[in-house]
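Asker: Residues per chain, in single letters:
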Amino acid sequence: MGVKHALLALLSEGPKYGLQLRQEFESRTGEVWPLNVGQVYTTLQRLERDGLVESDDESEDGPQKGFRITVEGKEELEVWLRTPPDLSSPPRDELVMKVLVAFGVPGIDVHEVIQAHRRYGVELMQQWTRLKEGAAEHEVGLALAVDAELFRLDSVVRWLDAADSRMRRAQAEPRVAPAGPPVRVRRRAGVWR
Amino acid sequence: MTTLEVRGVSKVYGEGSTEVHALRSVDLSIDAGEMVAVMGPSGSGKSTLLTIAGSLEQPTSGEVLVGGEALGAMSRNGRARLRRRAIGYVFQDFNLLAGLTAVENVALPLELDGVSAKAARAAGMRALDELGLTDRASRYPDELSGGERQRVAIARAVVGDRQLLLADEPSGALDSVNAEAVMRLMHTACRRGMAGVVVTHDAQLASWADRVVFLRDGRVVDQTAPAAGPESLLEPSPGR
Numbered sequence: 235m236g237v238k239h240a241l242l243a244l245l246s247e248g249p250k251y252g253l254q255l256r257q258e259f260e261s262r263t264g265e266v267w268p269l270n271v272g273q274v275y276t277t278l279q280r281l282e283r284d285g286l287v288e289s290d291d292e293s294e295d296g297p298q299k300g301f302r303i304t305v306e307g308k309e310e311l312e313v314w315l316r317t318p319p320d321l322s323s324p325p326r327d328e329l330v331m332k333v334l335v336a337f338g339v340p341g342i343d344v345h346e347v348i349q350a351h352r353r354y355g356v357e358l359m360q361q362w363t364r365l366k367e368g369a370a371e372h373e374v375g376l377a378l379a380v381d382a383e384l385f386r387l388d389s390v391v392r393w394l395d396a397a398d399s400r401m402r403r404a405q406a407e408p409r410v411a412p413a414g415p416p417v418r419v420r421r422r423a424g425v426w427r
Numbered sequence: 038m039t040t041l042e043v044r045g046v047s048k049v050y051g052e053g054s055t056e057v058h059a060l061r062s063v064d065l066s067i068d069a070g071e072m073v074a075v076m077g078p079s080g081s082g083k084s085t086l087l088t089i090a091g092s093l094e095q096p097t098s099g100e101v102l103v104g105g106e107a108l109g110a111m112s113r114n115g116r117a118r119l120r121r122r123a124i125g126y127v128f129q130d131f132n133l134l135a136g137l138t139a140v141e142n143v144a145l146p147l148e149l150d151g152v153s154a155k156a157a158r159a160a161g162m163r164a165l166d167e168l169g170l171t172d173r174a175s176r177y178p179d180e181l182s183g184g185e186r187q188r189v190a191i192a193r194a195v196v197g198d199r200q201l202l203l204a205d206e207p208s209g210a211l212d213s214v215n216a217e218a219v220m221r222l223m224h225t226a227c228r229r230g231m232a233g234v235v236v237t238h239d240a241q242l243a244s245w246a247d248r249v250v251f252l253r254d255g256r257v258v259d260q261t262a263p264a265a266g267p268e269s270l271l272e273p274s275p276g277r
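Going down the list, the protein sequences come from chains Y and G. Counting from 235, one number per residue, gives the positions in the first sequence under this note's numbering. Counting from 38, one number per residue, gives the positions in the second sequence under this note's numbering.
Treat the hints as calculated values from the structure; they're not laboratory data. Worth double-checking, as some hints may not be accurate.
[Unchecked claim] DEER-style ranges, computed between Cβ atoms:
| # | chain 1 | residue 1 | chain 2 | residue 2 | range |
| --- | --- | --- | --- | --- | --- |
| 1 | G | Glu100 | Y | Met401 | 30 to 38 Å |
| 2 | G | Thr225 | Y | Thr263 | 20 to 28 Å |
| 3 | Y | Pro325 | G | Gly51 | 47 to 55 Å |
| 4 | Y | Ala396 | G | Ser54 | 25 to 33 Å |
| 5 | Y | Pro325 | G | Leu134 | 33 to 41 Å |
[Claimed, not checked] Here are a few chain G residues that sit away from chain Y, every Cβ distance over 10 Å (derived from the structure):
| # | residue |
| --- | --- |
| 6 | Leu93 |
| 7 | Gly115 |
| 8 | Arg120 |
| 9 | Asn132 |
| 10 | Arg221 |
| 11 | Gln241 |
| 12 | Val249 |
| 13 | Asp259 |
Glycine included, C-beta positions come from ideal geometry on N, C-alpha and C.
Only chain Y is shown next, with the shape it has when bound in the complex:
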């Protein structure tokens, strides 16, 4: 998780105290990702060790100790902001695996399996939406963080819908053996291991 870089981003606005950084982190992210104060100080110590931030006075630890970003810290932040995170799918996505294997298990209705996951996904989305509904208009951080969850879950539900129709079609049409040797799909490295 990008706590280290989120703290650098907050410090890029000006010098701040540890407690202040924690409060600002939580308010910017809509308090969706709680952060304990110990985590803030450990991260700040690491940032200081790496020369990305500096503190007021090395002898004085505690809430009154201020931190500011260094030139190296600013450079690190700029590079991080523009670097895409790893968006490749996790190896053997558990949900995909469940649906794929359910297709062949005797006595299991794959559509019921899909519906169970679809319902759970929509229930989670309802909870996130309630959170957004209760938020004030100015709480942009919260709305953004909730939207990210909603779009992620939405894509899962859409995949389930597509899988459902694809399998219904496959079951409705008799299987025809393809002519010639089977087409081999080259696996993308790192996706299915």
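Given chain Y, put chain G in place with the hints provided.
Answerer: Then chain G, alone, in the frame of chain Y:
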């Protein structure tokens, strides 16, 4: 209090070999203050359920009660009166009359129901005001953005003392921010006492509802559990 009750409703189109079962023994009960989303793939019967609930179509069997009154027992005029007074509809393509201003569109169902033009206009203005459209009241539909047009359509659907709000893909033509605004407004209207049914294939829109009902091949196959509070999302759990 139950506002909409659908009991064992079936709908069959055509006959013999061309028979299509659009709905099969559907039961659905919606209380005042509750918004229910109906999700399902194309052809699952979502829109048919909505038109039958809104008395725009008759079921082949089963019955529908709105505010405790059975639609099947009413005369054609009685059903038309109920549609004007108690039911509001929101469609994907807004269905506003191009020759009327926003407030005239909103006031229209009341005027058709015999309310004086002055009182209907005042009620129309109140409804527009609640949806943040006071300064758009004198504009014609083609002078409004898509999001504003749909808000006017919602104002028309909730004006007066309506009990039932029915919406078919209400934000299908809007971008996600405007779509959210539409769902938020409809949910607020339901919180104030209307019962709402929103038909959609979009899970993000459906997640605004208090309950989501899943339809497939004309049958209700599943529904979501009563929603847990959002606080539960912020607590660590083994599944997350």
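Asker: So, for every hint listed, does it hold in this structure?
Answerer: Status of each hint after checking the structure:
The beta-carbon spacing between glutamate 100 of chain G and methionine 401 of chain Y, approximately 36 Å, falls within the hinted interval of 30 to 38 Å. For the pair threonine 225 of chain G and threonine 263 of chain Y, the beta carbons lie near 27 Å from each other, so the given range of 20 to 28 Å is met. For the pair proline 325 of chain Y and glycine 51 of chain G, the supplied restraint of 47 to 55 Å holds, since their beta-carbon distance comes to about 50 Å. Distance hint for alanine 396 of chain Y and serine 54 of chain G: a CB-CB separation of about 31 Å, consistent with the stated range 25 to 33 Å.
Checked against the hint of 33 to 41 Å, the C-beta distance between proline 325 of chain Y and leucine 134 of chain G comes to roughly 57 Å, which is inconsistent with it. With a closest Cβ-Cβ approach of about 27 Å to chain Y, leucine 93 of chain G is found to remain outside the 10 Å limit, as its non-interface label requires. For glycine 115 of chain G, the non-interface assignment is confirmed: its Cβ lies about 37 Å from the closest Cβ of chain Y, beyond the 10 Å cut-off. Here arginine 120 of chain G stays apart from chain Y, with its beta-carbon at least about 30 Å from theirs, past the 10 Å limit.
Every Cβ of chain Y is farther than 10 Å from the Cβ of asparagine 132 of chain G; the closest lies at roughly 26 Å, confirming the non-interface assignment. Not every Cβ of chain Y is farther than 10 Å from the Cβ of arginine 221 of chain G; the closest lies at roughly 7 Å, contradicting the non-interface assignment. Residue placement check: glutamine 241 of chain G does not keep its beta carbon more than 10 Å from all beta carbons of chain Y (closest about 5 Å). With a cut of 10 Å on Cβ distances, valine 249 of chain G falls inside the contact zone with chain Y, its closest approach being about 5 Å.
With a least CB separation of 5 Å from chain Y, aspartate 259 of chain G falls inside the 10 Å interface cut-off, contrary to its annotation.
Checked against the numbered hints given earlier, this structure breaks hints 5, 10, 11, 12, 13; the rest are met.
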